[in-house]
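> Protein chains in written order, with the working numbering: chain W, 424 to 977; chain S, 915 to 1018; chain P, 19 to 336.
In short, the hints are calculated from the structure, not lab data. Keep in mind that the hints are not guaranteed to be accurate.
Straight-line C-alpha distance at most 16 angstroms; calculated EDC-like pairs for lysine to aspartate or glutamate [said to hold, decoys possible]:
(1) P/24 / W/950
(2) S/977 / S/923
(3) S/977 / W/915
(4) P/222 / P/303
(5) P/24 / S/927
(6) W/519 / W/556
Away from chain S, derived, C-beta distances all over 12 angstroms, residues of chain W [what the hints assert, rightly or not]:
(7) 441
(8) 623
(9) 653
(10) 817
(11) 847
(12) 848
(13) 913
Note that beta-carbon positions come from the ideal geometry of N, C-alpha and C, so glycine has one too.
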Amino acid sequence: MKAERQWNTLERDTAQRMEAAARFIGPGKQVKVEDVVPLLEAVVRPGDKVNVEGNNQKQADFLAEALCKVDPAKIHDLHMVQSSVPLAAHLDVFEKGIAKKLDFAFGGPQSGRVAKFIREGKLELGAIHTYLELFGRYCLDLTPRVSLICAYEADREGNLYTGFNTEDTPVIVEATKFRKGIVIAQVNKIVDKLPRVDIPADWIDAVVQSPKPFFIEPLFTRDPGLVTERHILLAMMCLKGIYGEYGVKRINHGIGFLTSAIELLLPTYGEELGLKGKTCTQMVLNPHPTMIPAIESGWVEAIYCFGGELGMEDYVRARSDVFFTGPDGSLRSNRALAQTAGHYALDMFIGSTLQIDQYGNSSTATANRVAGFGGAPNMGCDAKGRRHSTDSWLKCGREVPSMNELIGDMPRGKRLVVQGMETFGEGRAPAFVDRLDAWKLAENAKLDLPPVMIYGDDVTHLVTEEGIAYLNRCANLDTRMAAIRAVAGYTEIGLRAKPEETKRLRDDGIVKTPEDLGIDPDTATRDRLAARNMRDLVDWSGGLYNPPARFRNW
Amino acid sequence: MALNTLEFDCKAEAASVRLAAPVHYGVVGSGDLEVILEPCDLGGGVKVKVTTPISGFDAVWRKVVETFVNRARLADVAIDINDNNASPAVVSMRLQQALAETAA
Amino acid sequence: MPNWSKLQTRSFLESSARERALGLVDEGTFTELAGPFDRMSSPHLVALGEAVEFDDGVVTGVGRIGKRPVFVISQEGRFIGGAVGEVGGAKMVTTIDLAVAFAEELRAANPKIAADELPLVAISFETGGVRLHESNAGLLAHAEVMDAFQRARGKVPVVALIGSRIGCFGGMGFVAAATDVIVMSEFGRLGLTGPEVIEEEMGKDEFDASNRALVYRTTGGRHKYIMGDCNFLVDDRVAAFRAQVAELCRLPVADFEQFRRIGSAALVEKQMRLVALAAEMQPKDAYDVWRRAGNNDPAGLGDAPVDDFRKQAQRLSV
């Protein structure tokens, strides 16, 4: 006779935990600040997979700190599964023996400690993911048993308003709650009526009004005052030699001053080149303040956001033709959906990197910091599952001479993946290296793989002050390496370039110098920027942009 | 820990461009430099002096300046640079800008 | 040489010391004195292995605005934060003395010479004060500049221009306060102890130096305008600074007394009334003082375009 199997053990376990927690949870699922630690001790069990919400922008910081205060004798060996670990508290749980294992996507300011803890055996690393990859695993083998999330407001029933900074919340809650997990939210305020409901109350188990509003980092704000002439030269080359050349419409801009410079040149140099309406019409992008002049000049039709950006609330609300906003008028950002759009629907990703090797592999890892990936690799790659076509995608694919070696005469496009950087970075560190520091990190932190942000075969264009290398036009690795050398300037790799080889590449249109592109570097001046300081951005926005205190210089 | 001075001579392959007047360009900011280009009878050659707190990049300095001199086909010019850890890319750009200034 | 007309439209904040000097006076009139070709660098920096600049970070020279000879001193913030050392300090002092000597010479030659034909000194400050690498010489330079101001008083007006990145702090904050008239832009900052030093000494709760909005509403041009620490608040354009100096150029030297903050018994009394007001008010924020001056919406005023600010701002009177 077959033994009777229990088919709802998860449900029963959750019920038990919630029963133990019942005395801390009042009407409207509300929990008092002083009861949060005992609540966590009641609902979390040793060995649980636990998610603390936070990414490169918003943080469930109060709950992260509360988790550090639980008794390690009661709660230990937790397996943290979370987007990022930028707060000290995220690593303190490992120091205190509350948590043991970590699966994450982005390190942030704590990435030095992550590497150190791995070396010291305080932290067992599962894997470093991209956001989308980690979200995927929430639905497979890394489903959180308990998730600690954050929202702006809750109402008296426990419905949540995540508003402008919705970001990762929906995917975390969905994966947790629908597998009988427990979701606890910290909110800035409890109100009678929410502007809109982003997460329904019956997906939430407990709500606490945190003593301080949750921390949020204005990570995508770049002061135009810090854009240099070199950024502008690179940006001009990108606009003429790539944006214009391919007519790329659907784009993500990585974080950094090169892309800020591009954004600030759209209404000036971009307009001169006649590119308005032909490029940058749809973007997957946080509400970058440096996009304001281009938006105001009518360049952009639509922007979908991963997250919010501090100070852009009113501007976004007033530009609902461009941004995705709720019935209440505020932005709805969603990292999982934005990353999906970024992976499948973009024609181009452009960003900067710290290091690139002689084959074109690039990484932001340094020898002693586990920085993680965030979302860049999902966009900085060719989405093999893509089946729809656009002109720029087709053109980029047509230019790949080796395409037919794998799929015969079948036509196929390719995403443009552009890496732009100066040949030497901060403190004269060469951007081009024989061997990425990622190898050393892999050794130091006992990783299976050197963390590569973008693999060489995905990079289609490399831009430095020396010129653009059209890597997608290279027939084989030897040619790619020669093209990389040709734009590597005075780095050791660049010094190996042979003048006759570089000339041949230029003749073949595989390498284009500023001169080949018809750009005089002396004209790469700050006068070209549509906004030269934060104040200009405020003025462009008609006073709607409200920069965070640290960016105000008036 | 004194300042390093690097001095060398070079000669452009097709040296033919002479300066009408001396020019000064740039500011010695962090990661930046200033340069003086002065006409100077050197039998068609170019004399270079670099003053910098950084040592160990002599070969790169030579390469960067020689490339500039060759491209601009400069003759009979003294180049005097005060550097504060400028990258080779910045050096090339400033030299080019200084030269453009003479034409302006 | 940069194109003069183009310089006029440039941001003063973004302009180098030499561009500011050149753009301030009439086109083609600027003659640089002890310029880069003279190669007067700091011997102290050489000994310490620190980068040097041919002009030691200070541009000095003379030009004209209309008929008036204008002696210009312009500090370069990108070179060691505009910190003042021995050579740069000596260049400042000598320029002021040259202006005074020239004024006396002109008056001796023509006692009836028109006011707008006599020299004026304009100093574009961009400095954190003394250059620590040559501290004694640098400190001495501060005192010598102050002395030179005393020699110039009543003979040659001295105008301070503050609108560059570093602002004007440290000992040079005192020096600027001792000039006859101060012209700022909203991006200019003027103070004694720099924000970072205050935070270091008093703690982040007292003053958070990373909070730029706080730093600017405590030391920035708008606040200084309301406080009366600066006389004129102009747009961030080389042309705007130039226009203000040109307007001042029309005034005889005696008229500059009205702009001063220090230097008479009456002004000392006024400063004392200000101290008493501070003691009485115990302001927690610059905006408290703005409100006291009669500005009902300080935050709105702080954020308004600078033109509206000039029209609406009520200035503190004590």
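> Evaluate each hint against the coordinates.
Taking the hints in turn, this is what the structure says about them:
1. P/24 / W/950: It holds: about 10 angstroms lies between the C-alpha atoms, which stays within 16 angstroms.
2. S/977 / S/923: Holds, at about 12 angstroms.
3. S/977 / W/915: holds, 12 angstroms
4. P/222 / P/303: Cα-Cα ~15 angstroms, so holds.
5. P/24 / S/927: Measuring from Cα to Cα gives roughly 37 angstroms; hence the hint is violated.
6. W/519 / W/556: Distance of about 28 angstroms is beyond 16 angstroms: violated.
7. 441: holds, 58 angstroms
8. 623: holds, 53 angstroms
9. 653: violated, 7 angstroms
10. 817: Fine: 34 angstroms to the nearest Cβ keeps residue 817 of chain W off the interface.
11. 847: Violated: least Cβ distance 4 angstroms, not greater than 12 angstroms.
12. 848: violated, 8 angstroms
13. 913: Its Cβ does come within 12 angstroms of chain S, the nearest being 4 angstroms, so this is violated.
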